[in-house]
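**Q** Residue numbers (this note's numbering), protein chains in the order written: chain A, 1486 to 1749; chain B, 44 to 379.
If you are wondering where the hints come from, they were derived from the structure by calculation, not from laboratory data.
Some hints could be false.
Beta-carbon label-pair distances, calculated as ranges [what the hints assert, rightly or not]:
| id | chain 1 | residue 1 | chain 2 | residue 2 | range |
| --- | --- | --- | --- | --- | --- |
| 1 | A | A1734 | B | L179 | 30 to 38 Å |
| 2 | B | Q107 | A | P1609 | 56 to 64 Å |
| 3 | B | H93 | A | P1598 | 48 to 56 Å |
| 4 | A | R1625 | B | G235 | 27 to 35 Å |
| 5 | A | P1609 | B | L103 | 57 to 65 Å |
| 6 | B | G203 | A | P1609 | 55 to 63 Å |
| 7 | B | V368 | A | M1724 | 51 to 59 Å |
| 8 | A | G1567 | B | D357 | 52 to 60 Å |
| 9 | B | G149 | A | Q1542 | 51 to 59 Å |
These figures come from a predicted structure and were not determined experimentally.
All C-beta atoms, glycine included, are put in the ideal place defined by N, C-alpha and C.
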Amino acid sequence: MSDLPVLEARGITKSYGHVAVLHGVDFEVRAGEVMAIVGDNGAGKSTMIKTLCGAVQPDAGEILLDGAPVRFATPLDARASGIETVYQDLAVAPALDIASNLFLGRELRRAGPLGRVFRMLDKPRMRAEAQRHMDELRFRLPAITNAVEALSGGQRQGVAVARAAAFARRLVIMDEPTAALGVRETGQVLDLIRSVRDRGLAIVLISHNMPNVFEVADRIHVMRLGRRVMLTSPKQSSMADIVGLMTGAIPAHAGASQPEEARP
Amino acid sequence: MLGVGEATSTVATPRTGVGTRLLRQLALNPVAGSLFTLLLFCAIFSATTHTFLTPNNLSLIVQQSVIVGALAVGETLVILSAGIDLANGAICVLGTIVAGKLVDAGYPALPCLLAAVALCTAVGAVAGLLVSRLRLPPFIVTLGLLGIVTAATRLISQGGAFPVMDDLLAWSGNSLRIGSAPITYGTIILAGLYLLVWYMLTQTAWGTQVYALGNNPEAARLVGIPVRRRLLSIYSLAALIYGVAAWLALGRIPNADPNALQTANLDSITAVVIGGTSLFGGRGSLFGTLIGTLIVGVLRNGLTLEGIDPLWQDLVTGILVIAAVALDQLTRRRRT
Ligand SMILES: Nc1ncnc2c1ncn2[C@@H]1O[C@H](COP(=O)(O)OP(=O)(O)OP(=O)(O)O)[C@@H](O)[C@H]1O
Ligand SMILES: [Mg+2]
């Protein structure tokens, strides 16, 4: 694990109209680690990660990729930098089939003039690769040509997770990737998170499931009301402490948000 | 619009009634229902008239369907993107008037035709910009354009219809014979148009992205599809096709009439909807639109042959539209 964060955010502030959602949040994640973001509903977790992946533009603050300032105007910019995101609402087109959803926005074209001149899609290759990705995750799915709307909630989540894992080169951001999953599928996603981490990628995981967080997270970024109230790790804090901080039962103590205190 | 959250939160309850199974089949393939309807009408009219199933009559049906059929191609693109285009007939008429006036003024025909098609495309680009940049509802944008373009057309033509006597502008009305059935060049151009746009929709990334942004615009944005650029291209391409339809219209009747095609917008929407394309966007096919166009053409032709009052044609078409949309709604509910 290197000490330089892959992705770092400083002083991120975001308001929607008069509603201030983020108040100068700092954030960092290093290669080969799982950084969990926890917090109550409405704490600003989804908004925070959306500013990291270009889906939302922060009002103030800066984002550094491998130490260099970057600005992601669109999610495409972030994807071009190797950052993939599983959004809380999955961001799939339910009427399209699994393979099309996996390659949505970066469809494969045929080799040769068919692809270059006639811009013809390479459907067989997209289907084969989609199948390969799903097999790697050991997700049980009906045929890859099925429309996503024909899948169960958990299977849909599998499609969204597979899409991110397949294309990420630096960082995978997952917003509640196990929310609709049963025990077996949750286990699969957690395994997947570990295997992606072991490939040396960084992972940001938002979850309300504390046991899951304690199972896979290397560090934990605790949010409350649009602020980071603590940066800690499963070794340093108990679940009860973290839940107390999230809900405000335990007041945030001074210095809690200094990352140096939370080296794993 | 079917949101993802809505779709994930509802648990599918398996039911096995015959009606449900039929609905499920139709949901998976609404074109099958359209095809069945078309064959049913053809069977009825073949059985009850002597003239329906003759090469000449079938050729006539196709010729009568060419203009609405062409407008319906553009309408399909717009509806797939979860929009609606009320101005397509008006844009097409603008094309005929401008081409006719320019030729009348003594300019060579080809540049006149190209200028008219370019003007139509530009009007579509304006609609696309208003929808994509200002996020105005497509219904309102194209309703406004319907009024503006109609008024502009009357101003340019100074109110009256005039004949267009130019070989190139009227060329698509010429026909070649296959067996005893005359096939106009207009029909062949239309077939080419369907093939081309079918290819774009089903075999290119552009087409996949049109479906995706109609189906779930937020997801399309998040995965990095340039939604605004795509919308602009959809409305522009649709209007370019309306310009081609103007050329086909001059081939059919070599007369530029500012009062022509007043119900063409509704007729083309009818064809698209009867063809199984969802008004909510993201679902449907150009093949369905072709079938829908033919259903409307066959129905009008057959009822005329039966000697039934033309008002009944509108009535039956109206019922078909409502039935098609009702089916879409029903299957949509089952799907989630
Ligand atoms: N597009 C938006 N417009 C206005 N307000 C928004 C928007 N998105 C989020 N908010 C507000 O920002 C706050 C934080 O929302 P966010 O989705 O980031 O919370 P969260 O921590 O992800 O919550 P949850 O655990 O429920 O997913 C909420 O009060 C929400 O209402
Ligand atoms: Mg959230």
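**Q** Hint says 57 to 65 Å; check whether the CB-CB distance for P1609 of chain A and L103 of chain B agrees.
**A** The hint (57 to 65 Å, Cβ to Cβ) is violated, given that P1609 of chain A and L103 of chain B are roughly 42 Å apart.
**Q** Go ahead and decide if the range 51 to 59 Å is satisfied by the Cβ distance of G149 of chain B to Q1542 of chain A.
**A** Given range 51 to 59 Å: holds, Cβ gap about 55 Å.
**Q** Starting from the hint 30 to 38 Å, judge whether the C-beta atoms of A1734 of chain A and L179 of chain B obey it.
**A** Since A1734 of chain A and L179 of chain B have Cβ atoms about 48 Å apart, the given range 30 to 38 Å is violated.
**Q** Between Q107 of chain B and P1609 of chain A, is the Cβ distance one that fits in 56 to 64 Å?
**A** With Cβ atoms ~41 Å apart, the hint is violated.
**Q** For the hint 52 to 60 Å, verify it against the beta carbon of G1567 of chain A and that of D357 of chain B.
**A** Holds: the Cβ-Cβ distance is about 58 Å, inside 52 to 60 Å.
**Q** The hint says 51 to 59 Å between V368 of chain B and M1724 of chain A; measuring C-beta to C-beta, is that right?
**A** holds, 52 Å
**Q** R1625 of chain A and G235 of chain B, beta-carbon distance inside 27 to 35 Å?
**A** At 45 Å between Cβs, range violated.
**Q** Note whether the CB distance of G203 of chain B and P1609 of chain A lies within 55 to 63 Å or breaks it.
**A** Since the Cβ atoms of G203 of chain B and P1609 of chain A sit about 57 Å apart, the hinted range of 55 to 63 Å holds.
**Q** When you take the CB atoms of H93 of chain B and P1598 of chain A, is the distance between them in 48 to 56 Å?
**A** holds, 51 Å
Hint violations for this structure: numbers 1, 2, 4 and 5, all remaining hints satisfied.
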